[in-house]
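Undergrad: Residues per chain are reported as follows:
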Amino acid sequence: MKIYVCVKHVPDTAAKITIIANNQIDEKVTFIINPYDENAIEAAAGLKKQVADAEIVAVTLGKAAAESTLQSALAMGADRGLFVHSDYHPDSLVTARALKAAIELDGKPDIIFSGNESIDSEGFQTMFRLGAALKVPVASNVVAFKMEGRFVTVECKMDAGSIGVIRMPLPCIVGAGKALNKPRYPTLPDIMKARKKPIRTITLDSLDLDSPAGSMEVVELRPAFEKRRGKIIGGPPEKAVQELVELLRAEAKVI
Amino acid sequence: MQKIGLLIETNADGVKPALNGVITAARGPEHELYGLVFDGKGAAYTDELQDYGIHKIVNVQSAEGLLSWNPDNWARAIVQVMEQLGINILLGLTTSQTKDVFPRIAAILDAPLLLDCIGVDLETLTAEKSQYSGKTVATFKLRGAHYLFGIRPNVITAHPAPVTAEVLSLQAQIGDASLRVEAVKKDYAGTMDLSEAQIIIAGGRGMQNGENYRILHECADVLGAAVGASRVAVDAGWVPHSMQVGQTGTTVSPILYIACGISGSVQHFAGMKTSGVLVAINTDPQAAMMQHCDYGIVGDLFNIVPLLTRQLKTTLNPE
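Heads up: the sequence lines are chains A and B, in that order.
Per this note's numbering, the very first residue in the first sequence carries number 9; after that it's consecutive.
Per this note's numbering, the very first residue in the second sequence carries number 16; after that it's consecutive.
Think of the hints as simulated: they come from the structure by calculation, not from any bench.
Mixed in with the good hints there might be a few duds.
Said to hold, decoys possible - DSS-like mimics (lysine-lysine), calculated; alpha carbons at most 30 Å apart, straight line:
| # | chain 1 | residue 1 | chain 2 | residue 2 |
| --- | --- | --- | --- | --- |
| 1 | A | Lys190 | A | Lys10 |
| 2 | A | Lys116 | A | Lys56 |
| 3 | A | Lys239 | A | Lys201 |
| 4 | A | Lys108 | B | Lys156 |
| 5 | B | Lys56 | B | Lys71 |
| 6 | B | Lys201 | A | Lys235 |
| 7 | A | Lys108 | A | Lys247 |
| 8 | B | Lys156 | A | Lys71 |
| 9 | A | Lys36 | B | Lys31 |
| 10 | A | Lys247 | B | Lys56 |
| 11 | A | Lys239 | B | Lys56 |
| 12 | A | Lys154 | B | Lys71 |
| 13 | A | Lys235 | B | Lys71 |
| 14 | A | Lys261 | B | Lys56 |
| 15 | A | Lys261 | A | Lys190 |
| 16 | A | Lys56 | B | Lys200 |
| 17 | B | Lys156 | A | Lys154 |
| 18 | B | Lys71 | A | Lys261 |
| 19 | B | Lys31 | A | Lys143 |
| 20 | A | Lys10 | A | Lys24 |
| 21 | A | Lys24 | B | Lys328 |
| 22 | A | Lys190 | B | Lys201 |
| 23 | B | Lys200 | A | Lys190 |
| 24 | B | Lys56 | A | Lys143 |
| 25 | A | Lys24 | A | Lys56 |
| 26 | B | Lys156 | B | Lys56 |
| 27 | A | Lys108 | A | Lys56 |
Unchecked claim - Chain B side only, calculated, beta carbon under 7 Å to chain A, not exhaustive:
| # | residue |
| --- | --- |
| 28 | Leu140 |
| 29 | Ile270 |
| 30 | Phe317 |
Model, not experiment: these values are computed from the prediction.
Ideal Cβ placement from N, Cα and C applies to all residues, glycine included.
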């Protein structure tokens, strides 16, 4: 069984983001594997234990530095890496085309896992576009996963505390939610072993992709400002609470 | 005439109130607004929808009748409706439902899609959204034959603009779905949805255990608020993940957010920083939440919250 896991190289949430050239960020900050993708790898590793002859291939598209995120995926249980090297960050329409082309060049997926979303661009869509391109079903925000024969049953988190139970045939794409599992911390031997695992590199330019019908372009990036009143209400608790309620009513007009 | 579709999400009380802001953003001098309804009750929503400017209410069904929840079927039905009516712009809220349906539509149409927008301009086809854990705001330019936008609930103020709406029905030929929805079940007892709540009261490390969330629920009942939590409280097993606000939980933007015993990590702010008014209750005056709030009270939440509940009762429900 061939298990692919799509991962993304993203700036650490704690990183200080500096904007350059009006529409990009300075990438000289710490990058990590997208946290949701860790759940995807964990799910793949769990599935590998269950089936005979499984191989986990971690796939990423990114600039040269993104190879370190493939290393993280290898340390967490992927058997080898597939690196689509790009000089720029394409939008999700192009990314999905590139992932499809690279995966098909590499092998025949039985199942593809990925994180439900990326914490940098927060686009929530690449896996759906990949699914449409590969003509396979996609389930997103998955919090429970079970495979029986060539069918997968997943539980998907919906609004207002509802859970949708979805059944779909292989091959399919599973978008991992945070509640799906607890990703492992790789041990030092895991990290050492990962360095010996193979990574196949393909350049984005070498993939003969058709042009999408649409595009999304960041024309401007600006820091998010918080305009907060910053009013700390002192005094005895009873009086402070009374003042707060009055402010919420008369000044902020929200209650 | 620009035809614009809006996915009308409903709940037990009717049209989700946060949709009125989305409809407000969709209006324009040459815009004709189509509200797409899946529960067959389009006629019943006429008053609510026409008040905000929906011209046509479309009951979307299949040849067999109502389309029960299946993101794949819904996406294909919406694509057909868009094609039949000549709609090339689709808007909706950003909810679990649209996050599951809009990307499928965008994939079928090979169209650009922006979810979780905090602003949209349909004349220039640009939209703004937060990126990098809420640290930046990106302005996107979309190009293509179709455009899809999901708007973060509560970020656009709704203004009524009444028109007279007409109700129609359309049948979509959906064929075989790629996946099957076997059941929809309840995960936990709470019914108020965090992402659309107008007011949220949330508790963090300071809550100490799950049982103590009772005092937040008591306050929430008076305010008609939803109760949220920080990651610390979820990781500790005090409350379910569905209550988590933040980077790896739910992104919210209520008009009022009351943070109790939440220090305010970058990840927590990522999920609530576009909230209207932010109140912090914390023993630590140096907590990030306290430094970035509108109103803060330095004190023990176990003392302050019950007082707040009592004061709100007196103020909001005077005898």
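Undergrad: Tell me the hint numbers this structure goes against, listed in increasing order.
TA: 3, 6, 7, 9, 10, 11, 12, 13, 14, 15, 17, 18, 19, 20, 21, 24, 25, 26, 28 and 30
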